[in-house]
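Visitor: Sequence:
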Amino acid sequence: MEMIQLTQPYIPGFLAFREVPALLKLLEDLKANAPHYFPDVILLDGNGILHPRGFGLACQLGVLAQVPTVGIAKTLISAQGIVDDQNHKNKKAELKEAGDGFELISDTGETLGMCLRAHDKAQNPIYVSVGHMISLRSSVWLALECSKYRIPEPVRRADVDSREYLRQGKTEPYEFIAPVEN
DNA sequence: GCGACAG
DNA sequence: ATCTTGTCGC
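Per the working numbering, the very first residue in the first sequence carries number 38; after that it's consecutive.
Any given hint could turn out to be false.
Claimed, not checked - Each computed DSS-like pair below joins lysine-lysine, with the alpha-carbon atoms no more than 27 angstroms apart: (1) K128 / K158; (2) K129 / K111; (3) K133 / K158; (4) K158 / K126; (5) K133 / K185; (6) K111 / K128; (7) K158 / K185; (8) K185 / K126; (9) K111 / K133; (10) K111 / K126; (11) K129 / K185; (12) K158 / K129; (13) K62 / K128; (14) K62 / K111; (15) K185 / K128; (16) K111 / K185.
Since the hints were derived computationally from the structure, they do not count as laboratory data.
Please work from the sequences and hints to get the whole structure.
Guide: Written out as structure tokens, the structure is:
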């Protein structure tokens with residue numbers, strides 16, 4: 038397994054240019070070493086079409102890897118007239134339980150995503166948007182289906198586990214170990 | 001020019 | 001994202 042360095046800085050609106058190369062390499066390795074585990078869909082920590090230029094991280098990875106993707110953002114990125122203003126804040130306050138949500142509609146009337154409360158005890162919502170080869174309805178269904186806490190497990194575990202991995206001071210490439218098959 | 005700004 | 005004190009609830 039080869040290493041890959043993150044060379045690009047994080048610039049709001051350009052997250053994909055920093056993250057996509059590494060993600061593509063990861064999928065490439067997965068396809069070569071454990072094709073059985075190649076994902077049918079990927080939930081990404083970022084946005085899909087809910088983006089200033091309508092094409093966020095989830096869209097870019099989806100197209101380049103030719104895999105269905107969903108964007109899961111923890112905070113709203115201002116795009117196409119959709120902003121976290123008082124009106125938006127009021128709507129968020131009305132989301133009472135898991136599954137409650139409202140569509141994020143652009144200034145041209147297009148639905149770019151969904152502000153969704155993914156858990157009964159989560160005060161803050163998540164922002165779900167289509168990445169590639171999947172509908173918003175299916176995206177929201179998936180997000181809810183795998184939400185044990187505010188953030189869908191695939192995204193939350195990737196976040197928690199990777200941070201723990203680095204905390205241990207490990208610097209060598211992550212060694213993929215295929216789970217025992219059933 | 002000023003503020004806002006996924007992770 | 002990261003850092004960091006304190007607080008609330010299961």
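Visitor: Can you name, in rising order, the numbers of the hints this structure does not satisfy?
Guide: Number 13 only.
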